[in-house]
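Those protein sequence lines, which keep their order, are chains A and B.
Under full-length UniProt numbering, think of the first position of the first sequence as 1, with each following residue one higher.
Under full-length UniProt numbering, think of the first position of the second sequence as 1, with each following residue one higher.
Treat the hints with care, as some may be off.
[As the list claims (entries may be wrong)] Below 30 Å or equal to it, Euclidean Cα-Cα: the simulated DSBU-like pairs (lysine-lysine) are:
(1) A:Lys222 - A:Lys277
(2) A:Lys190 - A:Lys266
(3) A:Lys190 - B:Lys221
(4) B:Lys180 - A:Lys19
(5) B:Lys180 - A:Lys432
[As the list claims (entries may be wrong)] Just so you have them, the derived chain A footprint on chain B, three or more residues with Cβ under 8 Å:
(6) 122-128
(7) 192-202
Simulated from the structure, these hints should not be mistaken for laboratory data.
The beta carbon of each residue, even a glycine, is placed where N, CA and C say it ideally should be.
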Amino acid sequence: MNNERTLPQATWDFFCSLKLAMALLLSLAITSIIGTVIPQGNLAPQYLESIGQTKFRLYQALGFFDMYHSWWFVLLLVALSVNLFACSFKRLPQIWKVMTNPTLTLDEGLKKSLGNLTTLKVSGSAEALTERVAALVAAHFATPRTTEKDGSFHLYAEKTPWCRLAVYAVHVSILVIFAGAIVGSLFGFKGYVTIPEGGSASSIVLRNDTTRDLGFSVNCEKFSVSFYDTGAPKEFKSILTVTENGRPVAGLEKVPVIVNSPLTYKGITFYQSSYGKVGQHNFLVSTPEGGNPVQVTIPSEGAARLPDGSEVHVLEATQDVGPFLPGKTGPAAQLEMHTPTGKTFRIVAFGNYPELNREAVLREGHPAFRYLGGTEGMYTGLQVNRDPGVAIVWLGCLLMVVGVYVAFFMSHRRVWVQVKDGEVVLGGNANKNPAGFELAFDRLVQQLKGELAPGEEK
Amino acid sequence: MTSSLLFNVTTIAYLVSMLVFFAFLASRVEKLGTLGSLTALAGLVLQTGAIGLRWRESYQMGVGHAPLSNLYESVVFFSWTIVLIYLLLDLRYRYRVIGAFVMPFALLGMTWAQLALQSGIEPLVPALQSNWLLYHVVTCFLGYAAFAVACGISIMYLVRDAAGEAAAGGGVLASFPPVKVLDDLNYRAIMVGFPLLTLGIVTGAAWANYAWGTYWSWDPKETWSLIVWFVYAAFLHARITRGWVGRRAAWLSVVGFAATIFCYLGVNLFLSGLHSYGR
Numbered sequence: 001m002n003n004e005r006t007l008p009q010a011t012w013d014f015f016c017s018l019k020l021a022m023a024l025l026l027s028l029a030i031t032s033i034i035g036t037v038i039p040q041g042n043l044a045p046q047y048l049e050s051i052g053q054t055k056f057r058l059y060q061a062l063g064f065f066d067m068y069h070s071w072w073f074v075l076l077l078v079a080l081s082v083n084l085f086a087c088s089f090k091r092l093p094q095i096w097k098v099m100t101n102p103t104l105t106l107d108e109g110l111k112k113s114l115g116n117l118t119t120l121k122v123s124g125s126a127e128a129l130t131e132r133v134a135a136l137v138a139a140h141f142a143t144p145r146t147t148e149k150d151g152s153f154h155l156y157a158e159k160t161p162w163c164r165l166a167v168y169a170v171h172v173s174i175l176v177i178f179a180g181a182i183v184g185s186l187f188g189f190k191g192y193v194t195i196p197e198g199g200s201a202s203s204i205v206l207r208n209d210t211t212r213d214l215g216f217s218v219n220c221e222k223f224s225v226s227f228y229d230t231g232a233p234k235e236f237k238s239i240l241t242v243t244e245n246g247r248p249v250a251g252l253e254k255v256p257v258i259v260n261s262p263l264t265y266k267g268i269t270f271y272q273s274s275y276g277k278v279g280q281h282n283f284l285v286s287t288p289e290g291g292n293p294v295q296v297t298i299p300s301e302g303a304a305r306l307p308d309g310s311e312v313h314v315l316e317a318t319q320d321v322g323p324f325l326p327g328k329t330g331p332a333a334q335l336e337m338h339t340p341t342g343k344t345f346r347i348v349a350f351g352n353y354p355e356l357n358r359e360a361v362l363r364e365g366h367p368a369f370r371y372l373g374g375t376e377g378m379y380t381g382l383q384v385n386r387d388p389g390v391a392i393v394w395l396g397c398l399l400m401v402v403g404v405y406v407a408f409f410m411s412h413r414r415v416w417v418q419v420k421d422g423e424v425v426l427g428g429n430a431n432k433n434p435a436g437f438e439l440a441f442d443r444l445v446q447q448l449k450g451e452l453a454p455g456e457e458k
Numbered sequence: 001m002t003s004s005l006l007f008n009v010t011t012i013a014y015l016v017s018m019l020v021f022f023a024f025l026a027s028r029v030e031k032l033g034t035l036g037s038l039t040a041l042a043g044l045v046l047q048t049g050a051i052g053l054r055w056r057e058s059y060q061m062g063v064g065h066a067p068l069s070n071l072y073e074s075v076v077f078f079s080w081t082i083v084l085i086y087l088l089l090d091l092r093y094r095y096r097v098i099g100a101f102v103m104p105f106a107l108l109g110m111t112w113a114q115l116a117l118q119s120g121i122e123p124l125v126p127a128l129q130s131n132w133l134l135y136h137v138v139t140c141f142l143g144y145a146a147f148a149v150a151c152g153i154s155i156m157y158l159v160r161d162a163a164g165e166a167a168a169g170g171g172v173l174a175s176f177p178p179v180k181v182l183d184d185l186n187y188r189a190i191m192v193g194f195p196l197l198t199l200g201i202v203t204g205a206a207w208a209n210y211a212w213g214t215y216w217s218w219d220p221k222e223t224w225s226l227i228v229w230f231v232y233a234a235f236l237h238a239r240i241t242r243g244w245v246g247r248r249a250a251w252l253s254v255v256g257f258a259a260t261i262f263c264y265l266g267v268n269l270f271l272s273g274l275h276s277y278g279r
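Just chain B, same shape as in the assembly (with noise of 0.2 Å):
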């Protein structure tokens, strides 16, 4: 059993559970709805126990470190934080249909990791070997994968809102929660995310510190964690400004979660600075 078979399994895991998602969304038959979600359950053991096997398949080469180093270990890591915050979101409040949504995002890291991306486990540059690895890419992918959840929620928000009231009789629409749930859970995936991204900035610039001497040098992947923080920083502060809830909420989340992807795969790819580890 190699760590990339199991990759490809888990890969299909979250393709099925989407299409699952899919089905519950059209046919509204409540069985399909926990099927997408344990089919996303199962994919979410198998990936941790393919990322688990990619650790020590490093080790057993001699250049063992945790499988956060580069771009392909990244997207596959961004994709187990998504589908696990979308899990614990669904254990809590059970809105099946948001997996419908929410699937898409890890099945597309997934897809992408697989078919395009290098996938051989290279020893740590030194810029890498510390233990802030682990506690600075954690933090902040479980705050990305937050945003991504409240980011499907959002979409589904901006298309109910759209629909209006005519379409709620019946129809696809009619299986997705009402617009003031919708809200809500979009404000708690960001309560989630905000205070992991917080985390993530703080545990960057320690080990900045530790590593170069400066906290905060505004290299391009510093300044757009901070525009992101900006943005989810406004969206909270939306919250209790008359005229601010509601649509321009679910907007301000759609446009947060485009600059988290900017920060995360744009500024590797069309600017440069200090984290071009991540190409």
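Next up, chain A with everything else stripped away, as it sits in the complex (with noise of 0.2 Å):
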């Protein structure tokens, strides 16, 4: 072999680089902040509102719009599993013929390779004082093995060797976790339906705007929110039935759905997300002076185009105005309209005032509009997901929380033993937190010689 490195064998020795698993992680650091800068998600015009074509453009390229799922970044990730997978891959064999195949002699290289080394002088034959030795070398640290060599005796010992593959185990859960992810994306989906109260839906929208069947149908009975007496909102409550072939799934009656806690069949769960108004409301559209009357009607939360191109949408509806107008009787609705020349108006439409309607009118300038009535109800807003990645993602979640607590705060702490006439010298390590193994391994020593040669410690 010469010194020089073939191209496979550089390759692989940048993929086992530690410098490159501390690049790849301050990389993902850094580039992700670009995106909790730059909003995700959005439509082309509500960026082009707040930069500049140039920069979008530029943008666009670098995939800012999307950027954990740009090719760069998807990128670093799988560079940062390969690096994850190749120094494992180079190490662990090392660490397994540590963990199963022990050095079991305490020979003269090792006594210098050892921090912790003490020499005990007592009487007896290696025999006898071996026997001894390993049984209280048993009852204070963990069960010794023997081995018999250049005339002198062994003993070797070991606490949770296992713990040496606790930084792999770490590693593993992260690709355990993007496992869990490729295959959310791969066999879930994530969507969302909106519910009329009363009504029901079989049906969901995905996230890419096609429609997919349940199977089976949500029926949504109620929908109510509570609100604390600060204003603020207390509580989302959808009471939801399942029905399939056109029965009440057992058990999914009449279940309510909050917020925090929301409702599972056949893999799919539906989570209370929003609410809104659904319905329809009837005006008659005049001249200030009650000419050309034309009925339009405005959905709750949407907006008519009157024939001169205004823009007119309901704010708010009641078909009993008395509770708020103390004396006046009748629906009322309160509109905003927008025109071509952009122009707002707020209106007041009553139903059974004309005259109030159209005081506004002279004073204000824009047409006549006459509440007729409506009919308005809530809905309810369910996201709607299949994910069948999130028991993996949870498995590399334990396996990681796990992994770190062992790596961080168990060691392999390793004790020998070599036992001749008159002689026992002892040794040890641990492969983590040196000084709490000092400590440990200073009160073993304490114990064997309290117990070895009891006359002596007085």
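Now that you have both chains on their own, put them together as the hints suggest.
Right, here's the structure in full:
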């Protein structure tokens, strides 16, 4: 072998290197900032409103509007995965050897490398001492393995050797989480559905605007919002019933679904997400003098266009204005109108008081609106998801949390003892927290000293 | 006795503790160090009582919930966790002088909360009505606090390191632990913070999945918590990379805490997203 590394070897070493891991972690940290500053997933006109054409083109080319799914960010994640895999693959065999095939004898070379080494002078033959020391090490530390070599006996005992694997468990856990995310995006879906009170839905709209049949239907029996005295919202609640083949599903009748308490059926989960009003309102629109009456229907949360191009939407409507304006009766609605010339009007339209409607018209100069009444109910908006990858992601998270804990707070502790006639040499080390091990080692030495030669202790 | 009064007394205790630590730093009189720690402990006990009292007050108002629901409550809790982590470190390693670099963070939090933030007890909005709130916030903030302590220690490291051996002979710097010890303590604090942050992100993801159906949506808060996680993951790998120990590791720890603070406060103040109730 010459010193020149071959290209495959060099590539492999590159992917195994800690420097690459550092570079990738810091690159991921820095680039991730972009997507928290630039809003993600908006429509082109929204971006063009706040940034110029040139910037827009540049950002779009770089994938900044959906950066966490852009080719270069995914590439960073792939590189991190390869790095994790490669360095684990490279180091694991050595670690495995340390764990399964440990050095059993305390020879001179090992003695020099150990930070903790003590020699005890005790009377007795090597054989007799070995038996006693083995029993004591087993009682105070861990059961040792005994080997005879070059006329002396060697004991080897260890605690929690497997915790050397924890770091690799953490590395694997990241790959498991990625796998869960991939499974979720391949075999799951995310969608949305709105159901009016008393209505039902058997299909949902997915994020890419396609429709997906559920295979069953969901009825919204009732939707309610409650508020605290302060005016802050207290609870959004949909009462849902799942029906399949025309029959309600047992156990899923009139289930209250609130934020933080979703409903799941056949792996599909429904989350309380939004709400609103659904219905329509009828108006008679005329000139200020009452000429050219036209009936216009405006949907609750939509808008209607008048012949002159104005856009009108309903802000609020009631079928009985009495509670708000004592002494008055009949329906009333508040409208907002945007004219093509850029003017905005707020209009109150009564059903029973055309003369009040006219007064405002004469003052402001917009068409006359008379509210003929309407119907209005609530609808509930539900987020609908299926994600078969979630269980895998949780498995990865569990592995990561346990792995991180073990990697930081547990260590592989090893003790070697060499026993000769009249002499016991103890050595030991730990792969982490040397200070903590030193204390434990000294304690073990004291215990051995006390029990092997009780007289000398005093 | 109201929780608000107790929080004020706590703030004063932290102020006194910080000043005593400064005096300790200047004089190197051992007793002052002990007094600083004891004052901090007294403040922590008072604050624990105050948090418990506020919890009870919320039940008396009929909107009972753990006091972790808005910016005021979270800043107060952050101060509490910083002092807690510092005192645990103090109990274990007894480098009192660290208090002079950690207590200012706790005092800053309490002062800001008491003087500038809305302290009224508010009922919980629907999104926060879950037991996950407790698990998620407690783990995250314990993690943040450990990073705050690590940052204080790293600042000490950088100051000590910049002064060099010449300054070690006398003056304020002489009371600092040796750089090697500071480097080790920095690592130990992050060793506590990292698993807690990991747990905080995982509980956050679990909650998001339960409430919204997505465990990860690249919301600015989520992304910033991941950025913080990346920085400290890099820190942990730096410890086994040649040339990254010592000064660079201390800088990484400071940068990590700056990212933590942005994740905690900056995201709520400057960016919009799902965590907007923290304003």
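Those earlier numbered hints the structure runs against, lowest number first: The structure conflicts with no hint, since it agrees with every one listed earlier.
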